[in-house]
Each structure stands twice: as structure tokens, then as C-alpha cells.
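Going down the list, the protein sequences come from chains A and B.
In terms of our numbering, the first sequence opens at residue 1 and continues consecutively.
In terms of our numbering, the second sequence opens at residue 1 and continues consecutively.
Keep in mind the hints are simulated off the structure, nothing from the lab.
Among the hints, a few may not be true.
If chains are identical, the list can't say which one is meant, so a pair holds when it fits in one copy or spans any two.
Said to hold, decoys possible - No farther apart than 35 Å at their CA atoms in a straight line, the calculated lysine-lysine pairs in the DSBU-like style are these:
#1 K309 with K407
#2 K351 with K83
#3 K284 with K83
#4 K413 with K362
#5 K309 with K68
#6 K324 with K309
#7 K68 with K180
#8 K83 with K33
Number of protein chains: 2
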Amino acid sequence: MAQKIFNAFYAQSGGVTAVINASACGLIETARKEPNIGKIYAGRNGIIGALTEDLIDTSKESDLIISKLKHTPAGAFGSCRHKLSDPAENEKEYLRLIEVFKAHDIKYFFYNGGGDSQDTTNKIAQFSVENDYPLVCIGIPKTIDNDLPITDNCPGFGSVAKYVAISIKEAGFDVASMAKTSTKIFVLEVMGRHAGWIAAASGLASNHESEAPHIILFPERAFDEKAFLKRVKECEDAYGYCTIVVSEGVRDQSGAFLADSGTTDAFGHAQLGGTAPVIANLIKENLNLKYHWAVADYLQRAARHIASKTDVEQAYALGEAAIKMALSGENAVMPIIERISDEPYEWRIGKANLSDVANVEKTMPDNFISQDNFSITDACRTYLEPLIMGEDYPPYINGIPDYVRLKNVSVEKKLKEF
Amino acid sequence: MAQKIFNAFYAQSGGVTAVINASACGLIETARKEPNIGKIYAGRNGIIGALTEDLIDTSKESDLIISKLKHTPAGAFGSCRHKLSDPAENEKEYLRLIEVFKAHDIKYFFYNGGGDSQDTTNKIAQFSVENDYPLVCIGIPKTIDNDLPITDNCPGFGSVAKYVAISIKEAGFDVASMAKTSTKIFVLEVMGRHAGWIAAASGLASNHESEAPHIILFPERAFDEKAFLKRVKECEDAYGYCTIVVSEGVRDQSGAFLADSGTTDAFGHAQLGGTAPVIANLIKENLNLKYHWAVADYLQRAARHIASKTDVEQAYALGEAAIKMALSGENAVMPIIERISDEPYEWRIGKANLSDVANVEKTMPDNFISQDNFSITDACRTYLEPLIMGEDYPPYINGIPDYVRLKNVSVEKKLKEF
Numbered sequence: 001m002a003q004k005i006f007n008a009f010y011a012q013s014g015g016v017t018a019v020i021n022a023s024a025c026g027l028i029e030t031a032r033k034e035p036n037i038g039k040i041y042a043g044r045n046g047i048i049g050a051l052t053e054d055l056i057d058t059s060k061e062s063d064l065i066i067s068k069l070k071h072t073p074a075g076a077f078g079s080c081r082h083k084l085s086d087p088a089e090n091e092k093e094y095l096r097l098i099e100v101f102k103a104h105d106i107k108y109f110f111y112n113g114g115g116d117s118q119d120t121t122n123k124i125a126q127f128s129v130e131n132d133y134p135l136v137c138i139g140i141p142k143t144i145d146n147d148l149p150i151t152d153n154c155p156g157f158g159s160v161a162k163y164v165a166i167s168i169k170e171a172g173f174d175v176a177s178m179a180k181t182s183t184k185i186f187v188l189e190v191m192g193r194h195a196g197w198i199a200a201a202s203g204l205a206s207n208h209e210s211e212a213p214h215i216i217l218f219p220e221r222a223f224d225e226k227a228f229l230k231r232v233k234e235c236e237d238a239y240g241y242c243t244i245v246v247s248e249g250v251r252d253q254s255g256a257f258l259a260d261s262g263t264t265d266a267f268g269h270a271q272l273g274g275t276a277p278v279i280a281n282l283i284k285e286n287l288n289l290k291y292h293w294a295v296a297d298y299l300q301r302a303a304r305h306i307a308s309k310t311d312v313e314q315a316y317a318l319g320e321a322a323i324k325m326a327l328s329g330e331n332a333v334m335p336i337i338e339r340i341s342d343e344p345y346e347w348r349i350g351k352a353n354l355s356d357v358a359n360v361e362k363t364m365p366d367n368f369i370s371q372d373n374f375s376i377t378d379a380c381r382t383y384l385e386p387l388i389m390g391e392d393y394p395p396y397i398n399g400i401p402d403y404v405r406l407k408n409v410s411v412e413k414k415l416k417e418f
Numbered sequence: 001m002a003q004k005i006f007n008a009f010y011a012q013s014g015g016v017t018a019v020i021n022a023s024a025c026g027l028i029e030t031a032r033k034e035p036n037i038g039k040i041y042a043g044r045n046g047i048i049g050a051l052t053e054d055l056i057d058t059s060k061e062s063d064l065i066i067s068k069l070k071h072t073p074a075g076a077f078g079s080c081r082h083k084l085s086d087p088a089e090n091e092k093e094y095l096r097l098i099e100v101f102k103a104h105d106i107k108y109f110f111y112n113g114g115g116d117s118q119d120t121t122n123k124i125a126q127f128s129v130e131n132d133y134p135l136v137c138i139g140i141p142k143t144i145d146n147d148l149p150i151t152d153n154c155p156g157f158g159s160v161a162k163y164v165a166i167s168i169k170e171a172g173f174d175v176a177s178m179a180k181t182s183t184k185i186f187v188l189e190v191m192g193r194h195a196g197w198i199a200a201a202s203g204l205a206s207n208h209e210s211e212a213p214h215i216i217l218f219p220e221r222a223f224d225e226k227a228f229l230k231r232v233k234e235c236e237d238a239y240g241y242c243t244i245v246v247s248e249g250v251r252d253q254s255g256a257f258l259a260d261s262g263t264t265d266a267f268g269h270a271q272l273g274g275t276a277p278v279i280a281n282l283i284k285e286n287l288n289l290k291y292h293w294a295v296a297d298y299l300q301r302a303a304r305h306i307a308s309k310t311d312v313e314q315a316y317a318l319g320e321a322a323i324k325m326a327l328s329g330e331n332a333v334m335p336i337i338e339r340i341s342d343e344p345y346e347w348r349i350g351k352a353n354l355s356d357v358a359n360v361e362k363t364m365p366d367n368f369i370s371q372d373n374f375s376i377t378d379a380c381r382t383y384l385e386p387l388i389m390g391e392d393y394p395p396y397i398n399g400i401p402d403y404v405r406l407k408n409v410s411v412e413k414k415l416k417e418f
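The following block holds chain A by itself, in its conformation from the complex:
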């Protein structure tokens, strides 16, 4: 009697990136070559798709369409911000997942996300063992925040890093041109609520302290207004202008986000703006210098047009590795990036236990931030530089990237509504 072939569930979780679809592409393309894996069912909007039995049949998409996922940003199947609580608190959700997986012959569970998501993956792995449903659970890392432990870096980060470094370099050239009679200050706000990796990456734009960014503000350091304004003035005196990259997560000495401190709208409601306008206004108030500011927001994490080739390749390889691990009898693990050498940069796929990954946040080490708190060290540069290496341009049609939209055909439901 032939061995029964089981299906797989794949879902995207949390904030999306420029390369999470490259992981999906690696996973689906690899699975299509594996006779021991049936269909890949994607969760529509992450784990919610599993809970509501809202599954997408990826086999309805041609090989060509799936290959285009590699150069398409964001989450092709929809993502979600929904954290499962502990099985002890909400067993219903876990039982429902198993019910859905049973109904659709799913014995492989792949969850593509950050720290919270890998905690979820781990809980599902444990629960399925305890409830005697043999489900192979593999996490696939993803986060622009680069804050997962064990893995050398996280897919999604390298492309944001490249975007941010290029953007501040370009804006720096602009401000340098204008500074004589106009704008002398430029502030770019980047993502990173708790970890300063993205802000740090902007430092790759500069080969000399005269070049942008002149000042980086990290969430790992409490904002020192006096030292900051002194440094701004020094830069303006020395170079005629000053460019600043500020992490959205920068806090004042009391621990409050700067973004929350400055602004109220006409109706008195707080938190209208971001951190960049607060910083720009502080400079205006104290030094009376003409400023511009930018908030990159989603543009930075969706910027597939200038994705890092290293990042795309790693994201794809991690999706591929997830399938291989699942088939080799692993469970409750996550493929990771291991760095073999800095220069020439070499990396390989490694493996972490989900229990070691879940709920650990990796912020910048102290020796990556300069003594004055305003720039990155050589050690940081050595770490970051390979991650933005190479360009991986998408194809264009009529001047616009040819990003793919899937049909996302639903799998017929077999169960009652949840």
C-alpha cells in the first residue's frame, strides 16, 4: 500500500517585509519538487486563516506566478497581528487548529514570522505532541527589526538596511547642496521600536564623519538633549549642515517615547506625529536652523525595488531549508543564518530550537554604538556591511516593478464556522 502523502500549512505573520514572499517562494518551489509533500495551503491573513479554515490553495498558481513571489514585497497571502495565548488559557484555539489540520490532511506547519510568531509555532508544536496529533512545526524567521536571537541576522532586515543607508546618503547629498542659503538640517525617522539595528544601518552610508548621517539616535540610549544639540552645532560649524537618523523608538531620560512628547493636534489630542518632527523642532527652537524631515515608515520595509541581494537569497534559502528540515524529521525548530566569515562574506543555514528563540529580543550590543552614542563602531560596520551587499532588481513593466498578485483561490471548507 502506498504511503499517504500529507499537505502543509504555511502562513505569514506580523509586519511584512520586502522579502517574506521570497521565503514563501523558496518554500513552495521546494515543496513542489518533493514527492512526500502534498499541497501547500496558505493561511489567508496568517494564523487567522487556520483558525477560520480560510485556506488558500497555492497549487492553483502556476510555477511562473510562484517564481515572481521572489521579487514581490509584502505578504502575498495576507499577514496578521494575532498572538495565540497559552494553551492553558485558551485551549479552544489550539484544538481548532488541530481540527482544521486534520480535516485537510495537514501534517506540516510552517510559520513565517518574528519572535512572537515563533513562540506561537513552539506552542503549537508542544500542544500537538501532547494531544497526539503528529504535526511537524517549523518556524521561518522574518523581521525587519533584526532582533531574533541565535540567527546571525533576520531576513527582511538587510533590505531595510540598504534602503535606509541609500536614502540618507542621497538626502545628505541634497542637503549639502542646499545648505549655503537654505536647509541645514535633515532628520530621517526610521523604524525600530526597541532595537536600533535599522538606525545603525544608516551608518553604512558614511565613510567619513563629514558625511551623512552625522548623528544616529538609537533606542538603546536615552536621549540626551544637551549633548545632541551640541553635536548638531558642531556639525553645522564644521560641514555647514547636519543630517540625523532617528529611530522611532528613541526615549527621553524618563523613558517616554519622544514621539509622544511633543505634539498635540488642534483638538488637543496627543501623538499625531513621529519622532522626526519632534527632533527637527527641537533644533529649530534651540539653534534656529532651517530643517527638513522625512518619515520613511512602510516605504522602508516594502522597498523591494532596492532590496539587498544577500537578503533575498537568504530569505529564499530559509524557505527552502524549512521544507528540508520538515522532511528530515526535525520538529519545533527554525532554520537560521550562520555566519562563517566576514570577508569574504560566507554564510550557511543552521538550526535553532524554537524554545530558544521564542520571546528573546536581541538589541544592539554595547560595542556596536560609539562612545558618544551618536554613531556606529567598526565592529558594527563589519557585521552590517555584508547584509546590504548586492542588488536584486525586480523586472519592470512601463516603468513600474512587475509585482505579482496571486489569485488566492480558497480551499473548500469542511468544518463548521469557528
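Let chain A serve as the given structure and place chain B on it in line with the hints.
Only chain B this time, still in chain A's reference frame:
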């Protein structure tokens, strides 16, 4: 006796662009091949360099370095915001210019800028004729605002247009992924104080009304809060999310900038923020939908990494044409782009009199904005599409574009301080 060879003055004026250096490159490379033009002296920081006799000797830069200007954003010689007043009001400045040009054997004047700058070029041309100093004055168009008359389009605009269209497309994919449980509204603020060309270009991202951008807000139309909120709700109902591109210059029914209307900082000072946060907050207050917003600011006009190939080629060709026109006996003119056909797109260099260019601002024609005021028409699309065609990627080193910094060696001064 051999004919005396005279030098040329070139300067960059106003807000810089991703391709103004491509015009400089076209001008310098062409001049180097012309035996009847001596050295090109660039004004350090625009016309201020001429007034202060702060001239840069471009002959000190190698051919290789000059060729790299073609892929380097912003103004390599520095720009300025300094408008000469009328000769009748401030003859001193004009006399000084002629004094400097005489001292350095300069008989060609090239000014690379927008409407104000071409007004200046025209005044200098008239003044030099009236004062019997034979100075050939040629304007070279440049403005991301695309608001110069006569020319079909302005160099600098096509690259901003491409950046904005790609950015909203990418952000649209992101929000579509997140909308189920998180962000449903995304607002991107783009430049354009008086003319909506840049905002309009975002419409090229979309092939269907379901795609980003769902709403474009033009400065040519007074903001209608009620109609706007209705449309936002319609999009959210129909597609699950809504993306909006807003021009910084959008005004309310009373004519006040929206950017000025909403925000005060903790000290009660107005105008901290941009238009995007005001729009985002309006939606939050009225529809209670989770939002993100971005302000691209200088990132959009400096984004040489994703410049339009059409734009780069035209900027270069206009610099080249300026030299040819100067040598063919023209004066007080500006090379322009003439469109021969839409599809296939064909263009050639034409010519405009500076007197027809100066102080005329070209806003969007009525038939380029849809009846409901929230999108672009097919006529607009036909006009815009060729301008973002093609990619012209800069070379990269270590993951970062290899933009050039010139030595900018000063010419020895011969005159007293001004």
C-alpha cells in the same frame, strides 16, 4: 592672429534633483569637445559663486570623475536660493556679475534651474546687452515640480514621479497584507506646493481602482473633507484598506495649507508637522481606522537609485544642447523637451525664449484630474507614463551607490571682495 577663446560660467539653482548633475555632465562633456569654449567655471552655490567670485575650476576634474556626475544626485557645485532683484532696483549685483565675468574671460552664462532662475538668466541677458558686455546667456531647465511652461516636461520630475509611483505601489502591497487585523489606512505625503504633478504621478502605480493609490489629493483642488472621508470609507468597505497620496500643498476651502492647520507642539508653536499626519488624524478622528503615514520629503527628489532613464537622458541632452545653442549664436533661450509622439514615446530638443519662460507656472490641466477630484484621467496617464520609463541604475560599491564627490578646486580670485 588666433581667435580668443572665452570661458563659460555654469551654476545650479534652487531645489536640487536626482538628475541636475546629469545636465552638468552633458554640458561639461560637450564643452570639453568644443575647441571654441575655454574652461567651464562653476559657481560655488549657484549665482552666489558669481557674485562672490567663488568659482570652481571644473577642468581640475578628470573625464572619469565628470562622467560620474551623470549618476550622482543633488548639486555637485552647490545650489542656492537667491533671486536677483530687478536691475533697476539693484544694479550693483548685475554690474558685479559683469565685473567677475570680465575678470575671468567669461562670455557664456549657463544657469540650470526653475522658473525663478530663468527669470534671472533673462535679466542678466538683457542687462549685458544694455551694458555692452557680450554675454551669451542660456537657461537649462530643472525642476521636480514640472511647472515650467513651453517645455513638455522638466528634468528632475520624471525621477520623482517614478519614485513616488513605486513607493505607493510598494506601500499599497504592504497595507493590503496588514489590513485584516492592523493598518487599514496609509497616507504618503509628496512634494508640490502649487502644482499637483508629483501627486498625479503616483496614479501610475495603479491599473485598477482597487489598487494603490486609492485617493490622490491635488493642490489644484480645495480639500473637501466630507467627500474625502466618504471616499475613504468606500475604499475600506470595498477593498479592506485605503491608501492616499497627498500633495504637501493641499489647502482647505479657505485657502490655508492643511499642513498649517492641525498641529502645535508642546510649547504651542504651530506648523510642526506635514500634511500627511493631519490627513491621517482626520481619518482616525472620524472613522477610527488604524493608520500609518510617511513623508518622503528630500528622499523623493534625491532618489537617484531609482531614477527614470528617460529623465536622465533628457537632463543630459539639455546640458549638451545648451552648449550647442550657445555656440550657434543663440542668446536668452532655453533648450526644452518637445514631445513628438506618445506611443512609441519620441522626443527631441526644442527651444524657448527665456522671456516666455520666466515667471509662468504650469499647473495640472483640468482634464488631467478626474471628475471626483481624487484620481488622474487617461489623458494624464498618457502624458505621464513615458516620463518614468526605464531604469538607470548607478554603479554600487559595498552595497551603496558610488556617487561622486568633486574636488571643487577654487579659481584664484582677481577682484576685491563684493
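Cross-check of the supplied hints:
1. K309 with K407: Both ways: K309 and K407 sit 27 Å apart in one copy and 32 Å across, limit 35 Å.
2. K351 with K83: Classified as within; 24 Å inside a copy, 63 Å across copies.
3. K284 with K83: Intra 42 Å, inter 24 Å, cutoff 35 Å: inter-copy only.
4. K413 with K362: neither (40 Å within a copy, 57 Å between copies)
5. K309 with K68: Answer is both; intra-copy 15 Å and inter-copy 24 Å each pass.
6. K324 with K309: within (23 Å within a copy, 42 Å between copies)
7. K68 with K180: between (46 Å within a copy, 24 Å between copies)
8. K83 with K33: Classified as within; 32 Å inside a copy, 67 Å across copies.
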